[in-house]
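**Student:** Just need the whole structure built from these sequences, with the hints factored in.
Protein chains in written order, with this note's numbering: chain A, 311 to 517; chain B, 20 to 480.
To be clear, the hints were calculated from the coordinates, so they are not data collected in a lab.
Treat the hints with care, since some could be wrong.
[Claimed, not checked] Simulated coverage check for chain A against chain B, where a stretch passes if three residues somewhere in it have a Cβ under 8 Å from a Cβ of chain B:
id, segment
1, 439–449
2, 505–514
[Stated by the list, open to error] Here are the simulated distance ranges between beta carbons:
id, chain 1, residue 1, chain 2, residue 2, range
3, A, A348, B, S141, 48 to 58 Å
4, A, A448, B, D418, 20 to 30 Å
5, A, P392, B, R383, 56 to 66 Å
6, A, L417, B, D418, 54 to 64 Å
Don't be surprised by glycine CBs; every beta carbon is placed ideally from N, CA and C.
Residues per chain are reported as follows:
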Amino acid sequence: MLTSRTLLLTFVLAVVLAWVGSAAAYHTRFVADNCNYAAPTPTSYITREGSAAVALRARHEGYQWGGGCWNDNDRDDSPGDPTTDAGTGGEGGDCSGFTFKVWREALATSDSSFHQWGMLRYVHGPYTAASFKAGSGAPNVTAPKSNLIRMDALASDGHIGLIYAVNPDGTDQIIEAKGEAYGTNIWTRTYRGSSSYSGVRRTGWSS
Amino acid sequence: MRAGKPSGRRWLVPIVGIVLGSVAGVASVALANAAAQRSSPPQRAVFDATHLPPLLTTPGERVDLAFDVHCAAGDVEDAEGGCDVSGAVFVRATGTAAFDRIALSPGSSDERRRLTASVPDSLASRRGGFEYYAEIEAPDLGERLTVPAGGADAPHVSRRLENSLDVALGRHAFGADRREGARLAFASWGDGATQAGLEQGRNLPPIGASAFDVDAAGTVVVLDQAHRRLLRWRKGARSPVHVPLSVTGTLADMAVGNDGSLYVLESTAEPGRNPLVRRFDDAGRELEAMETAERTSQIRMTPDGAVVLAHPSHHWMPITVDGVPASRAEQRRHGRSSRALRSGGEIVVFRHANELRVALVSGRSMRSWRLTSDTPLAEVQLAESLGQRLVLVVRLYDDSVGEFAVLTLDRNGLVDRFTLDAADWAETAPLGRFRLAGRSLYRLGSTPSGAFVDRFDLEVR
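**Tutor:** Here is the structure:
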């Protein structure tokens with residue numbers, strides 16, 4: 311009798327502890343449980359419309375520093391990820407990883423051809439916000455801010471966002487992976503007039 | 020006498036229980052996760068449209084309406100697959116009842132999802148302007164949207180400028196015509212009782228002291244969103260008192276209401292919801308929380324209450340109607356292209372490239388200005404009437420510098436002009452940097468040491 315009770319008690323205790331431990335760690339398992347490393351699909355051309363569609367699929371998803379994998383369920387599947395650790399495996403891209411995928415770039419910085427990465431493909435790409443700002447890499451060039459149009463970018467040393475639309479008051483609607491508390495979405499911003507931000511353009515658009 | 024169990028067997032049962040329990044616990048969590056993944060919703064169709072409404076046109080100007088439609092079928096990763104889109108605009112002369120339908124035409128083969136329509140001269144040249152909305156659909160996706168969302172109940176209004184005053188700003192000299200303001204408030208960055216906080220996050224640029232306002236008594240209130248509180252400087256006070264607020268702690272705009280209550284417009288929301296406007300009393304108690312109809316960029320007070328500028332409709336939408344919180348549908352139905360001013364009348368702002376058009380509308384009369392600049396114009400931070408004058412704060416920029424120009428205009432032209440350095444070290448709500456109260460302009464600025472509010476007294480005749 312005592313043996314059975316001991317077995318039951320320890321079993322239940324272990325189940326509870328395993329649940330608590332596993333569930334607590336779950337929010338850091340988005341990448342492990344969902345993402346893949348499939349090869350990108352080369353494409354012969356890209357359009358700004360097409361890149362807008364890629365960006366819109368990431369809308370309402372999460373943000374992960376150093377990340378680059380998301381689904382399309384309009385919520386952050388790993389909310390509250392530690393903001394100081396790139397290795398937590400949460401959902402979402404960071405600002406530069408998001409831009410890399412939306413601009414459909416290649417891992418080799420010397421390669422300006424077009425690569426379609428799946429949403430669930432875990433990839434960040436070789437660029438930081440600062441390197442985008444500098445126009446680093448074969449596909450990227452700096453551009454006058456006053457000439458920027460939709461799906462061009464505004465980049466600072468620490469952040470990059472893509473122009474989605476222009477508002478009548480001269481602000482821009484920017485689609486961006488902003489931060490853990492924000493996720494990825496469209497917001498009105500005033501980056502264009504800020505001296506911290508420079509204009510960046512992906513080259514090779516068909517339209 | 021009972022013989023004791025050997026010590027190894029005494030621990031065997033609990034160990035077996037722990038092992039079995041751990042395996043069962045981990046396995047059940049894994050199964051639950053796998054089930055959750057299997058039940059993840061599939062990739063959905065994308066369907067959205069952007070449109071820059073020509074809110075103010077000039078006589079003789081050709082008026083084309085363009086809608087960029089973004090769409091892709093669900094479960095198709097190929098972003099270039101797109102979809103077929105079509106639509107129509109419904110146009111009428113302002114003040115008339117019936118809308119005429121004009122089919123939207125697709126662009127070239129490279130821009131199949133840019134739909135355009137030209138407004139007939141007979142409408143575009145009408146003195147009172149015209150009103151319109153568009154209906155766009157992607158039949159294959161079963162998707163349809165109305166732009167602006169209020170449709171026939173709240174169409175875009177495009178006004179024609181009559182006898183507008185042309186003001187050529189020329190090439191801007193950055194750093195010239197600076198004016199010093201009186202410093203009313205300062206809070207260094209930090210977590211102390213009188214300090215302002217910066218949002219925490221890897222790779223986040225500095226974000227803090229999100230917005231501010233000044234009430235009729237001269238009290239300055241700064242939204243210290245990172246600390247989820249308000250910093251309040253009574254007139255003449257050197258140090259602020261802080262008032263806790265239940266806000267999300269992310270970028271937000273704010274406005275002091277006509278009754279002294281405080282409105283905070285959030286920029287982030289729960290999944291599936293739009294950002295909230297929260298109303299607080301003087302002590303920080305939340306009185307109401309109202310969901311906005313669309314994503315929003317700013318909140319301002321009108322004689323009838325608070326309005327938010329909503330996108331993609333680009334409409335000022337009331338968050339209450341007849342004093343009662345408005346549903347999202349009601350907000351859309353009451354949206355307007357113009358904003359009612361506390362001083363009476365309405366204001367319309369339209370910046371396009373290096374030209375800025377502003378109209379003060381009162382009934383059938385309109386006073387308007389058309390400003391051109393050889394230096395690029397960014398956002399209009401503030402546009403308010405002051406007596407018979409118009410006060411504008413607009414950012415001018417080139418690729419290495421940006422600053423604000425404060426312009427006071429009357430019916431004869433530019434009355435006063437000075438510049439302010441950007442002082443935008445920390446990010447705020449996009450249009451949270453300037454307010455006009457009484458005869459003074461107030462600005463919220465920041466440097467690496469802290470956030471401040473300065474006052475600039477404007478000359479008024």
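**Student:** Each hint should be assessed against the structure and marked as holding or not.
**Tutor:** The hints, checked one at a time:
With a cut-off of 8 Å between beta carbons, the segment 439–449 of chain A has 1 residues touching chain B; three or more are needed, and the interface restraint is violated. Counting residues of the segment 505–514 of chain A whose C-beta lies closer than 8 Å to any C-beta of chain B gives 4; at least three are required, and the coverage claim holds. Checking the proposed 48 to 58 Å range against A:A348 and B:S141 shows it holds: the Cβ atoms sit about 56 Å from each other. Range check, A:A448 to B:D418: Cβ separation about 22 Å, and the 20 to 30 Å hint holds.
Evaluation of the 56 to 66 Å hint for A:P392 and B:R383 yields a pass: the beta carbon distance comes to about 60 Å. Taking 54 to 64 Å as the suggested C-beta distance range, the pair A:L417 and B:D418 does not conform, at roughly 29 Å.
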